[in-house]
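Student: Here is how the chains run, residue by residue.
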Amino acid sequence: MSQNGKASMSSVTRLSVLSYNTLEVPEHQRQVIDSCTSIIQDFRAGRISKPKASILLQQCIPHDDADENFFLSIYEPYFDMLNNFEHYQKGNIRGIGEVQCQLGESSMDEQNVDHGQPADEAHIARASKRPCSPASDDGDTEYEKKTHHDYGSLPWNEPEDPSRFALENLSPSLQKTHALLENFSRDVKQVHSSLLNCNLPILQFLPMEWLNLLNGNTADLDHVFSNIYTISYDTRDIVELSKDVELLHGSSAPAKTIKTHSDWVITGIASSMLCCSSSSIENKSYVPIANTSNDTSHPCHPSCIARSSITIKLFALGLPSNKTLNSPILQSLPTFRSNGSTIWPTLLPVSSQSPSLNRTQTVDEQLLVEDGTTTDVLIHPPIATTYMSALSVPIQGMLPAAAPLQTRNRVVHPNMHWEHCPGFVCDFVWSDVDSQDTTTALVSELVPPVPQSPQNKLLNKEKWDIIKSHPHLFRITTPIDVDCFGSLLVSHPNQALVKSVCKGLCSGFWPWAITKNLDMPSIVDNAVLQKVKNQGHLNFMRNQ
Amino acid sequence: MTTIPLWVVPKHHADKFRLIVNHSAGDYSPNLYISPDDASVHLDTLHLLGKALTRVRNQHGFNVPLVLFKTDVSQAYRRLPMHPLWQLHQVVTIQGYHHVDNNNNFGNRRANRLWVTFFGLALWNTVFVKSILDLFAYVDDAFSWEFAGNVLYYLPFKKSLPTKQALFLALFDDLGIPHDK
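Residue numbers (my numbering), protein chains in the order written: chain V, 1 to 544; chain Y, 1 to 181.
Think of the hints as simulated: they come from the structure by calculation, not from any bench.
Fair warning: this is a prediction, and the values are worked out from it, not measured in the lab.
All C-beta atoms, glycine included, are put in the ideal place defined by N, C-alpha and C.
Zero decoy hints are in this set.
Calculated Cβ distances over 12 Å to all of chain V for the following chain Y residues: (1) His12; (2) His13; (3) Phe69; (4) Lys70.
Only part of the chain Y face toward chain V is listed, based on derived beta-carbon distances under 7 Å: (5) Met1; (6) His42; (7) Met82; (8) Arg110; (9) Leu114; (10) Val127; (11) Ser131; (12) Leu175.
Excised from the complex, chain V in its bound form (with noise of 0.2 Å):
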C-alpha cells in the first residue's frame, strides 16, 4: 500500500516556509524569519501593541543605512501584517462602539427624562466613549440609495419620544400588568412560593416557568408541552359511589399529544404564521391575560407577548383564562395544523369565542392548502381528537403567509426567497441568520476521546505472537509529529481526547470495533470476492 511520501519533510524546510524570494535561505536569514513571525504572532494574540512590535521587527531585521531598499522590503510586509490585523480587529471594535454608542444614547435620554440630569452632565458622561464615526455609515447610506428605503421614518430609527414611557400614556391593562410585575419584583422567590401553594386552579407550567413569568420574561411552552413536562391524569384515583357503583376519575390515553420538539415546532410555525396573518391579534391577545392575571395569576409582560409567538396564539385565541390546561372543557380546544389553518370543534359555536377567534376563523377560511399533513398537531396532550388530514380543506390555492416556506422536508427562513432557489444552488444562499454555529473545531471540545484497542493480551495472545513474530508487517507509520501536535494542544479543554488522539498517533488508533467473545475463524479470506482482471488495474493495484 501507499505510504506517506512527504513524511521525512526536514525540519529545515519545516522552518523557512516563509520567507521573501530566496529559494535558499541561510541560517541567519531563517533566524530572522523566525523572529519577526513570532512578533507577528505576539501582536495578533494581544501580547505586545502594534508599536513595540514594530519596534521589534526593526531591531530584528538587520540592516545597515546603504541599503535601505533591502531592509524596506522585508520590513514592509511583516508592517503590512501589522496594518492588517490591525484594520480587522477595528472592524470589529467598531461595530461594539456604534451599538455602545446607540446604547449609551437611549439610556443618557432615559436618565434625563426620569431623574432631569441636565444636558451637559450627560454630554460629560458621554464624553469618554468612542464616538460613532461618520465613515461608518457610507455603506449604509449607499445601500439605502440602492434600495430607496426611508430608514429614518422606521420606528425604531425615529428620535424617541420621553413620553412615551410614560406609565400614565399605557392602557389600563399595561399599567395593571406593570404594577404587578413591580409588585412581584419585590420579593419573586416568595411570590413564586405563595403561587405554587395557592388554592387556585392554576396552569401546570414548571415552577422554573412560573419563575420566568413573574421575573416578566416568557415561559418556554417547549417544555411544558414535550416530554419534559407530561401532563396525565390519575388513572388509579377510583372513588367508591355506593356498595357496588365506582367510579373512575380519568381518562384513557391519549390518542395525539405533542410528544416531541418537531411536534411542537410545527404548531409554532403554525400559530406564527396565524399571527402574521392576523395583525390585530396581538393588541387583542394582551387584554384578556392583563384582565385575568388576578384570577389565574399568570401575569404576561407585552415584551413576553412579543417574543414568543407561541404565547401570542395561546392567549390570542381567548383561552379561557378561569380554567386550567387539564380541565375537560377544553375538549373544545383548537386543532392546529401544520399548514397554519385551524381546526374548531363544533361543540362551541364560533359566536361564543373572542373578537380574536373570530378572526382566527377567517383566516382559516381563506388558508389554502397545497400539500398534504401527515400530523395534526394539539394543543394539549390529553385531548384526543380525529385525525384529519389537511387534503380534506377546500384548495383554493396557496397564500404567501399561510405556511411556511419549504423546500423538500426542510423549513427555512421566510426572507430568504428560497422558493425561488432551485435546489442545487440551496448551498449558495446565506443568510444572516442562518443557525449553524458550530465548527469542527469547536466540536473538538465536545466530542469523547477516541477508543483505545483491547488490553486484555492474553485474549489476543495468537494474534499478538503473529504481531511480534512479523514487526516489518506490523508498523505504526504516520508523517505526524506527535510531540508537536500534543505541546500545540495543552490548552485545549478536551484534553481526555488530545491524550486519546496522540496515544493513537503512537500506537494505532482502534475504529470503536468490539470484537471481545466473538466466534471468528483466524483467517478469512474475504480476498475471493476481488475480480480485478484487467491488467491495467492490475497494474495500478500493484503500483499503490
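With chain V's structure known, arrange chain Y on it following the hints.
Tutor: Positioned in the frame of chain V, the structure of chain Y alone reads:
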C-alpha cells in the same frame, strides 16, 4: 487475519483510477464488528462560510475585495496509523501477495470519524491558538477567506498565498501533515 477484496474504478473527469477497499464485503468483514450507530461527524458547510462572509461584509463594507482559499490534505485518512491488532483485519491481496495495510482506510466504517476528530484538533489549534479565524473544514478540505491584498510568500510552493492560508500551511508543515498544492 482477514483479507479485504479490492476493486479499481476509473475517476470521473480524469484519466486515473481509484482503488476501492471494501471492508464490508464477505463473511466476518471488519465493518461487521463496528456499530453503524453514532458514526456521523460534524462537517462545516458553505453556510458557515457564508455567515462569516456576511459578517465581514457588514463590518468592512461591500467594496473590500476578498479571496477564498481551500487547502486539501494529501491522502488524509491514510495519515492515521491503525493499531496492529486491527491491521490484522485489513490485509489486502494483490496478485497473490498479501500486504498488511498499516493505515486508516476509507472503507472502514469509522475512518471518517477518526480523521475528523484528529483534524478538528488541528483546526482548534489554528483557530484558537494561532488566531487564524473563520477557518472551516469539510473532511480533508480546509477553507476560509482573506483580504485580497493580504498575502505571504510560501516557500515550498514558491508563490504568494493568502496570509491565513500560508500560516495554516506552515502549521501543517510543523505538524507534518502533507498537503496538496
